[in-house]
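Number of protein chains: 2
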Amino acid sequence: MKAEIITIGDEILIGQIVDTNSAWLGQQLNPLGWEITRITTISDTIDEITSAVDTALNRSDLVIMTGGLGPTKDDVTKSALCTYFNTELVFDEATYVHVEKLFRHFKREVSEVNRNQAYIPANAKALFNRFGTAPGMWFKTDRGILVSLPGVPYEMKCIIEDEVIPRIQSMSSDVFEHRTIVVSGVPESIISERIASVENSLNHNLKIAYLPHYNVVRVRITGRGTVRQEVEDQLDKAKQQIVDIMDEHVVALTDERIEHIIGKLLHERKQTASFAESCTGGYVAHLVTSIPGCSAYFPGSVVTYSYENKTDVLGVDADILWNKGAVSQEVVEKMATSIRIKNNTDYGLAISGIAGPGGGTDEKPVGTVWMAVSDQHSVISKLYTLRGDRSQNIERSANLALELLRKKILKLI
Amino acid sequence: MKAEIITIGDEILIGQIVDTNSAWLGQQLNPLGWEITRITTISDTIDEITSAVDTALNRSDLVIMTGGLGPTKDDVTKSALCTYFNTELVFDEATYVHVEKLFRHFKREVSEVNRNQAYIPANAKALFNRFGTAPGMWFKTDRGILVSLPGVPYEMKCIIEDEVIPRIQSMSSDVFEHRTIVVSGVPESIISERIASVENSLNHNLKIAYLPHYNVVRVRITGRGTVRQEVEDQLDKAKQQIVDIMDEHVVALTDERIEHIIGKLLHERKQTASFAESCTGGYVAHLVTSIPGCSAYFPGSVVTYSYENKTDVLGVDADILWNKGAVSQEVVEKMATSIRIKNNTDYGLAISGIAGPGGGTDEKPVGTVWMAVSDQHSVISKLYTLRGDRSQNIERSANLALELLRKKILKLI
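Residue numbers (this note's numbering), protein chains in the order written: chain A, 72 to 484; chain B, 72 to 484.
Since the hints were made in silico from the structure, they are not lab data.
Heads up, a few of these hints could be off.
Treat identical chains as interchangeable: a pair holds within one or across any two.
Unchecked claim - EDC-like cross-link-like pairs, simulated, lysine to aspartate or glutamate; straight-line CA separation at most 16 Å:
| # | residue 1 | residue 2 |
| --- | --- | --- |
| 1 | Lys172 | Glu270 |
| 2 | Lys73 | Asp417 |
| 3 | Lys278 | Glu248 |
| 4 | Lys144 | Glu264 |
| 5 | Lys196 | Asp460 |
| 6 | Lys341 | Asp446 |
| 7 | Lys413 | Glu164 |
| 8 | Lys278 | Asp307 |
| 9 | Lys278 | Glu303 |
| 10 | Lys413 | Asp383 |
| 11 | Lys144 | Glu270 |
| 12 | Lys278 | Asp145 |
| 13 | Lys335 | Glu303 |
| 14 | Lys478 | Glu319 |
| 15 | Lys482 | Glu183 |
| 16 | Lys335 | Glu248 |
| 17 | Lys73 | Glu119 |
| 18 | Lys178 | Asp318 |
| 19 | Lys228 | Asp460 |
| 20 | Lys335 | Glu401 |
| 21 | Lys278 | Glu180 |
| 22 | Lys395 | Asp460 |
Since the structure is predicted, the reported quantities are computational estimates derived from the model, not experimental observations.
Only chain A is shown next, with the shape it has when bound in the complex:
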């Protein structure tokens, strides 16, 4: 069963915001046997909306639209749908009761503009929006199903979970599944050469894709079919063949991010880690604390940005800082050891580098990053020369540092 997403909003087209709704929708729909075949972002105009809806309904069984349902003049999705279905807006009592309740909660009067939120096209079924005043809308057409949802991410997500998934989950009997093998330290071209025999002998319903991201390549096998067990067996067989070939370069067998992997490893071992960050500026701590339950293995960390702070908080020798520079092996090793002892954790991880755009020299150009991991037995450090912009250097340094911690936990270094 094929689905399409239509995202409405000039703010996406001009780059004022990034569309994160579509990726989330893909993650929700695939496991239910729905394949997203296209995502289209269009402007908030009646012509664009009616033409995109018509084209999408001609191609797909399910069309999910987001955006354009706010109370202000720039939001025209409801008018566009009335035009498209040749119908008019009618008052939906249940929605109005909810809008009134929300406004009472915030101690505000319901204005005319907000009352309009309770009007929906006559052929729509309102989908309850726990978190906002704009209901979702469900349209059953003679071609496929059209769902219109607000663009605000948490409102869109709650309507999908509460109202849309229960209605669509048994509609598709297709199987559309993925397996991911995360390979570290080998470029995609080399991986593809090494697993060519597997790739060439795959059934036609299986497909391999390579997704390089910084130091890892995610090798994804996608399988399509109608019998779940059959597709899963095929996928697992191909996955195992690739794992056998890539061997020690395989760092994960899920699509999990490194912070998830670290969290699991520490949790299983009842161990703890803390961080001393300079150029990553708190991004490592942010990644690790994005995982629920991280308090079991993460008591706290520091960001030491200035020389003085490195000395005051971590006892880094001022002479070493001035002679060797903050971005040096001596400094990160001291930082990693100090934070481990100070926060009384099993591991200490430290990063110091030049994220850019300023601060680079001939000897230490932008992208020079030292990192170190310490446990009670030893401290291991590593130097990288990255070549991205500031945000890429921060993100990549954080990922490489967590990868260094992973190897230390597994005693691979």
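Dock chain B against the given chain A, drawing on the hints supplied.
Just chain B, lined up with the frame of chain A:
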């Protein structure tokens, strides 16, 4: 002049990655007078690519495609373009010299797979890719221009900057500009009522949009035209009218994020700030250090996640922690004061809350967040009850905390 973006990749359709390239492209092209009218994400298949290219070239003057240029089998963009233009791949010597050089740098042999990267469709002009082996490609057709670029963000960006912008910047004489007014603490429906007179009297070439995000609404005015000065005058006049009406609720007149605003305020005043984060887990420090030059006003900060760490690092009284809980006014006020003194900064900002999904109680449900800001004269605290998921609660808490800091710097609280 109209442009479209086509993003190729199953990894986007299944939600394995979020497409951030398109937003960046919008930001680059708008100021050059190019309006992005549509973004389409499609699967890596020859049929999908040829059909999307054909439709886009029928509608637009410029089509920018990203993705599908890697060395592996799943990348079929070049084959699709050969099919579409009825041509074949030819060897591009300059590209090959660059591929060889990159491989020598990494001390690897150029394999057959990598050598293929130097083949491009006969009707394409290669666009130099400093950072990778896949060149961009420029196609001049009888309808419009088609540009094909790698999907890896930093490779795509460097080709746009080095090769594409110089070629397209003088092609459009259209003016397509925006003004943004950031309004805090007033819902979009109320703003739209209050500025209705401005909105109703706008020239037809101007349009207002409302973009709510957590506690702020970005009111954007977009102007189109052919005479730059005329459009800019119209935009500035409408902007000033809205600013006069919304008055003290206007927090910024650019599309800048709060961390930029904080950075400028501190820089101008030669002041400094440090943070003590619990539930935000380093996200505030990450936002602030994402700005180049932040070392002028940010010496460092701490993430204190556990009770013990709050006591050891910030001297929070253990009795208060156990009696009042870590998420309490007393605790955040102590954290804000301690970090200010400890790091010797003008301001100390602290956040402690329950990000979820676990940890909530009847008295303090998930989303309960206390924050405090301290200077040498006083400490001000504030309680919020948020209602998002873990990542939303972290992001929103960090933004609200920086907003609290902004008000303190401006002596508004």
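Results for each hint:
In the homo-oligomer, the alpha carbons of lysine 172 and glutamate 270 never lie at most 16 Å apart, since the shortest distance is 57 Å inside one protomer and 29 Å across protomers. For the homomeric pair lysine 73 and aspartate 417, neither the shortest alpha-carbon distance inside one copy (49 Å) nor that between copies (57 Å) is at most 16 Å. Only within a single protomer do lysine 278 and glutamate 248 lie at most 16 Å apart by alpha-carbon distance; the minimum there is 11 Å, versus 44 Å between protomers. Taking the closest pair of Cα atoms, lysine 144 and glutamate 264 come within 16 Å of each other only across two copies (10 Å); inside a single copy the shortest separation is 56 Å, beyond that limit.
For a Cα distance limit of 16 Å, the shortest separation of lysine 196 from aspartate 460 qualifies neither inside one copy, at 48 Å, nor across copies, at 27 Å. Proximity of lysine 341 and aspartate 446 under a CA criterion of 16 Å is satisfied intra-copy only: 14 Å inside one chain copy versus 39 Å between copies. When the C-alpha separation of lysine 413 and glutamate 164 is checked against a cutoff of 16 Å, the pair qualifies neither within a copy, at 60 Å, nor between copies, at 57 Å. In this assembly of identical chains, the alpha carbons of lysine 278 and aspartate 307 lie at most 16 Å apart only when taken from the same copy (13 Å versus 53 Å across copies).
Taking CA atoms no more than 16 Å apart as the test, lysine 278 paired with glutamate 303 passes inside one copy only; the shortest distance there is 13 Å, against 51 Å between copies. In this assembly of identical chains, lysine 413 and aspartate 383 lie within 16 Å of each other by CA distance both inside one copy and across copies; the values are 12 Å within and 9 Å between. For the identical chains of this complex, lysine 144 and glutamate 270 are inter-copy neighbours only, at 9 Å across copies versus 53 Å inside a copy, given an alpha-carbon limit of 16 Å. Taking the shortest Cα distances, lysine 278 and aspartate 145 sit within 16 Å of each other only across copies (8 Å), while inside one copy they are farther apart (42 Å).
In this assembly of identical chains, the alpha carbons of lysine 335 and glutamate 303 never lie at most 16 Å apart, being 25 Å within a copy and 54 Å across copies at closest. For a Cα distance limit of 16 Å, the shortest separation of lysine 478 from glutamate 319 inside one copy, 12 Å, qualifies, whereas the shortest one across copies, 53 Å, does not. In this assembly of identical chains, lysine 482 and glutamate 183 lie within 16 Å of each other by CA distance neither inside one copy nor across copies; the values are 65 Å within and 36 Å between. Within a single copy, lysine 335 and glutamate 248 get their C-alpha atoms no closer than 24 Å, and across copies no closer than 48 Å, so neither meets the 16 Å cut-off.
Taking CA atoms no more than 16 Å apart as the test, lysine 73 paired with glutamate 119 passes between copies only; the shortest distance there is 14 Å, against 22 Å inside one copy. For a Cα distance limit of 16 Å, the shortest separation of lysine 178 from aspartate 318 qualifies neither inside one copy, at 61 Å, nor across copies, at 22 Å. In this assembly of identical chains, lysine 228 and aspartate 460 lie within 16 Å of each other by CA distance solely across copies; the values are 10 Å between and 33 Å within a copy. In this homomeric assembly, lysine 335 and glutamate 401 never come within 16 Å of each other (Cα to Cα): the closest approach is 30 Å inside a single copy and 34 Å across copies.
Taking identical chains as interchangeable, the C-alpha atoms of lysine 278 and glutamate 180 are never at most 16 Å apart, the minima being 56 Å within one chain and 27 Å between chains. Taking CA atoms no more than 16 Å apart as the test, lysine 395 paired with aspartate 460 passes in neither setting, with 24 Å inside one copy and 44 Å between copies.
Going through the hint list in order, the structure does not satisfy hints 1, 2, 5, 7, 13, 15, 16, 18, 20, 21 and 22.
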